[in-house]
Amino acid sequence: MLRLSGALTLLRVRKLSEQLGEIEAENLTVDLSEVERMDTVGAWLVHKLERDRGATIVNASEDQKLLIDHVARADMPVKIKRDYESPLLVILAQAGMSTLEAGRTMFGMLGFFGALLISTWNIIRHPRRFRFNAVTQQFEVVGVHALAIIGLMSFLVGIVIAQQGAVQLRQFGAEVFTVNLIGRSAVKELGVLMTAIMVAGRSGSAFAAQLGSMKLSEEVDAMRTIGVSPMEALVFPRVLATVLLMPLLGFYAAICAVIGGGIFCWVELGIPPVTFVQRIREVVPDTDLWQAMIKAPVFGLIIAMAGCYQGLQVQGNAEEVGLRTTTAVVQGIFLVIVLDAFFAVFFTSVGWL
Amino acid sequence: MNRQRDTVIEVKGLRNSFGEQLVHEDLSLDVRRGEIFGVVGGSGTGKSVLMRSIIGLQVPDEGEVTVFGESMIGRDEEEAKHVRRRWGVLFQGGALFSTLTVAENIQVPIKEFYPGLDPELLDEIAAYKTAMSGLSGDAGAKYPSELSGGMRKRAGIARALALDPELLFLDEPTAGLDPIGAAAFDHLILELRDALGLTVFLITHDLDTLYAICDRIAVLADKKVVAVGTIPELLALDHEWIQEYFKGPRGRAAAAHKQVEGASA
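Residue numbers (the working numbering), protein chains in the order written: chain A, 8 to 360; chain B, 4 to 268.
These are calculated hints, taken from the structure and not from any lab test.
On a predicted model such as this, the values are computed, not experimentally measured, just so you know.
Among the hints, erroneous ones may be present.
[Stated by the list, open to error] Below are the PhoX-like pairs computed for lysine-lysine, each with C-alpha atoms no more than 25 Å apart in a straight line:
hint, chain 1, residue 1, chain 2, residue 2
1, A, 55, A, 22
2, B, 227, A, 88
3, B, 227, A, 55
4, A, 88, B, 114
5, B, 145, A, 22
6, A, 86, A, 55
7, B, 226, B, 250
8, B, 50, B, 227
9, B, 15, B, 84
10, B, 84, B, 50
11, A, 55, A, 72
12, A, 86, B, 145
13, B, 261, B, 15
14, B, 50, B, 15
15, A, 22, B, 114
16, A, 86, B, 114
Chain A extracted, bound-state conformation (with noise of 0.2 Å):
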C-alpha cells in the first residue's frame, strides 16, 4: 500500500521520482486520497506505477482519473534523439561532405556567374527591366555609406606604412624614399585590397544575411511565382553596385592613405607637402593606377556573387543564414586575395613593374 499526499506537481517531481526508485515492492496499491493536486508530471508518474509495477490505484477522483487516462493515451512510443553515429564515422562523412560541398560551390558559382550573365543580357536586351532604383540604392548603401569607414582605415593604414617604412629606411639613411614606399604601395596594392577586405564584411555579408532572410520568409519563391526574376531584381542591382563601386572606393582609399602617409612625412620627416604630392607624381608610374582600376571591378564582382550565391542557398533555419554569411565573407576574401596574386603575375610578366 502506498499512500501519496500533497501536491503531485512538476515542483515536487524530482523527489517523488527517487523516493518511487526505491521502493521495490510489486502489486503496490497506490491510493491518492489525500492527494490535492496534481499535474500532468504526477498523473505520469502514477501511470508509470500502474504500467511497469502492475499497481493498483485506488481513491482517484474524477479529474485525477481523467489526467491519468489522458496522459495514458499519450503513452506511446516516441522518439526523442536522433540516431547514434560513431564519431569516427562523424568525422569522416565531414571531410566527404565538406569536399563534396567545395566541388559543389565551384559548380555552382560557375553556374550562378553563366546566370549573372544571362540576365545581364536579358536587361540589354529589355532596358526596361532594369531596375533604376534597386541600384540607385545599392550604390548608397555599398559605397556612399563606407566613405568614412573605409577612409579612416585607409588614412591609419597610410600613416603605419609611412611610419614603418621610415624606421627602417632610415638604417640606410633613405628616408626619403619613404615617399616611394607610400605611394607605389598605397595606389597599386593596398588601396583596392584593403577596400575589398572592408567591403566583404560589409556588404559581402549583407547581400548574403538579406537574400538568406528572403528565401526563409519565401520571399524569393514569390518574386518567382511572379515572374519575377530573383536573379535581375535581388542579385543583378547589388553586382552591379559593387563593380561600379569598387574602383570608386578603391581609388579613394588610395588617396586617403597617401593623404596619411603625407602628413605623417610633413610632420615626422619634414617633408612639405607640396614637395611630397610632386615626388608622388614622380614615383608612381599610371600603371600602378591602371592595375589598380583593372583589380578593382573583378574583386566586387567575386565579393558580391558569393555573398548572393551564398545567400540564395539559405534553406531551412535561422542558423543557416549565420553560416552562409560567414562563408560569403571567408569566400569572398580568399578568393579576392588569390586572384590578387594571379594579377600580380600576370600584370609583372607583362612590364608593368
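The hints should help you fit chain B onto chain A, whose structure is shown.
This is chain B only, laid out in the frame that chain A set:
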C-alpha cells in the same frame, strides 16, 4: 474541481500606441479562473498587442495589467519569473527554437525552471507531451525546419504546456491546422482545462473554436473591448460588427454545426 470565480487576468484602462497610431484606448477586461476566454476582432484591432501587453512583451503607455494578482508593469526580470513559470504561451507561428529538436524545445522551460531533473524523466515528459499534442512518434527528434506548419504549431503547443501552466495564452492556435486537427485541438484544450483547471486566453478567428470551447468571448473594436459575454449574449447585442461576425455565412455554418453536434450527442 472547485472552480473559484476569482480573476486571473485583470486589465484596466490600457492604452497602447505605435507612434501616431493609437491601438488601444481605455481598454479593460477580466479573465476568470478556469474559463476559456476568447478574444475576437477584425484584423488590426490589436488582439496580439493586447496579448503581448498582458504577458509583458509590450509596455503599455498607460493602464494596469494584473496577472495572478500581481502587477505586470514595471517589474524586474527576477520577479516576473515567478509569474512566468505559471503560464504558457503559444505564438502565432509556433516560435520554436530552430536549432533545437522538438523534444529539446519542450524541455527548455522545464530545464530553465526546474533544473536537476533526471534526464530519463525529462525524456519521458517530452515524449508524452509530444504525443499529447497530437504529433506522430518520430516528430520528437526532428528539427522545426523538418516539420510542416501544422506540426510546428502542435510542437509549439507542447512547449507551451511543458510546465503544466495554470494559464495558457494561445494566439490563433487553429489557424493553419486542417479541420480534423483543429477539432482535435479544441478537444485537447477542453480536456486539459477540465483535468488541470486551466485558464485559457485565446485569440482566434476560428468560429468553430469559439462555438465549441469558449466560455466567454470579448469583442475588440474601436480600440477597446466593446462587449464580453457568451455567444447568445453577444448575439443579443445590437452592434454592427458583432452581428456581421456571428451571423455572416461562416458564423451561421459554425452555429448550425454546433447544433447538429449537440443533437447527436
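Going through the hints against the structure:
This hinted pair checks out: residue 55 of chain A and residue 22 of chain A have alpha carbons roughly 16 Å apart, not beyond 25 Å. Between residue 227 of chain B and residue 88 of chain A the CA atoms are separated by roughly 47 Å; this puts the pair beyond 25 Å, and the hint is violated. Proposed proximity of residue 227 of chain B and residue 55 of chain A is contradicted: the alpha carbons are some 48 Å apart, above 25 Å. With a C-alpha separation of about 17 Å, the suggested pairing of residue 88 of chain A with residue 114 of chain B holds against the 25 Å cut-off.
Distance restraint check for residue 145 of chain B and residue 22 of chain A: the Cα-Cα separation of roughly 31 Å exceeds the 25 Å cut-off, and the hinted pair is therefore not satisfied. Distance hint between residue 86 of chain A and residue 55 of chain A is fulfilled; the C-alpha atoms sit about 18 Å from each other, no more than 25 Å. The suggested pairing of residue 226 of chain B with residue 250 of chain B holds, with an alpha-carbon distance near 22 Å, which does not exceed 25 Å. For a cut-off of 25 Å, the pair hint linking residue 50 of chain B to residue 227 of chain B stands: about 10 Å separates their Cα positions.
Straight-line distance between C-alpha atoms of residue 15 of chain B and residue 84 of chain B comes to about 22 Å, which keeps the hinted pair within the 25 Å bound. Proximity of residue 84 of chain B to residue 50 of chain B is assessed by CA-CA distance (about 24 Å); at most 25 Å being required, the pair is judged to hold. As the CA atoms of residue 55 of chain A and residue 72 of chain A are separated by approximately 14 Å, the hinted pair is consistent with the 25 Å bound. For a cut-off of 25 Å, the pair hint linking residue 86 of chain A to residue 145 of chain B stands: about 9 Å separates their Cα positions.
At most 25 Å may separate the alpha-carbon atoms for a hinted pair to count; residue 261 of chain B and residue 15 of chain B exceed this at roughly 34 Å. Only pairs whose Cα atoms come within 25 Å are accepted, and residue 50 of chain B paired with residue 15 of chain B is accepted, the gap being roughly 16 Å. Taking the CA atoms of residue 22 of chain A and residue 114 of chain B, the gap is about 16 Å. The hint holds against a cut of 25 Å. With a C-alpha separation of about 19 Å, the suggested pair residue 86 of chain A and residue 114 of chain B falls inside the 25 Å cut-off, and the hint holds.
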